[in-house]
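Construct the entire structure; sequences and hints are all you get.
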Amino acid sequence: MFKRRFITGAFSAFLLMSAAGCTDQNDTTDNDDVQVEQNEEHEGHGKGMDHSMHSSSGEVPEGLAEAQNPQFEVGSTAVINADHMPGMNGEEAEITGAYDTVVYAVTYTPTDGGEPVENHKWVIHEELENPGSEPLEAGAEVTLNADHMSGMEGASAEIVSSEETTVYMVTFVTTDTEEEVENHKWVTEEELTSE
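For the sequence shown, the residue numbers in mature numbering (1 follows the signal peptide of the UniProt record, and there is no 0) are -22 to -1, 1 to 173.
In case anyone wonders, no lab produced these hints; they're calculated from the structure. Because the structure is a prediction, the values reported are computed rather than measured. It cannot be assumed that every hint is accurate.
With a cut-off of at most 16 Å between alpha-carbon atoms, the simulated EDC-like pairs for lysine to aspartate or glutamate come out as follows [what the hints assert, rightly or not]:
| # | residue 1 | residue 2 |
| --- | --- | --- |
| 1 | K99 | E168 |
| 2 | K99 | E131 |
| 3 | K99 | E167 |
| 4 | K99 | E72 |
| 5 | K99 | E141 |
Listed below in C-alpha cells is the structure:
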C-alpha cells in the first residue's frame, strides 16, 4: 500500500513539475518576444545603455524661452507616455522645466563611431547649430549641439519631423533598474498625462 501511494505521489509530482516546466518555457518565449520588441523600440538609443547618459545638469541652451502657460507646472508630477529609453514608459515624473520651442525627431550617425540612430526624440531648435529663426522641415540637414547621448554633440543629422509645442525636462526613476534619471531632455506635452 505504501509503495503504491509513493509511486502515485511521485508520478503526480512529476506531472506537476513537467507542467511547470512547460509554463516556464512558454513564459520565457513570451519574455524573449517582449525583450526583442523592447530592443527594437529602443534600438536608436543603444542596447544596455547607461541611464546616467540621459541625466543632465538641468542647464538649457541660450535663448530657450520658459513656457508662459504650461499644462504641467514646474514642480508638479505627471505620467510619462513615451519610450525614448528603457524603463521610462508609464513612470511618474517630476517636471523640472517647461519651455516653448520647436522639437525635432532626428536621424544621425554618432561622432564616436556608433551605429546610426534613427528617429531620435527629441532635439529642440536651440540645440541645432545656426538653425535660423524659422522652424526647419523634414529632410533638412543640420548639426547637433546637444549631448543627450554619447556621440551626439557635433553629429550631422537629418530632420525627420518637427512640431511647435511645449517641451519638458523631467526627473524620474526607471522601472527596469530603479535608477533615478535627473533632468531628462526632452518630453513633449503630448507625451505626459495627469496622474
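Numbers of the earlier hints that this structure fails to satisfy, in rising order: Hint 4 alone not satisfied by this model.
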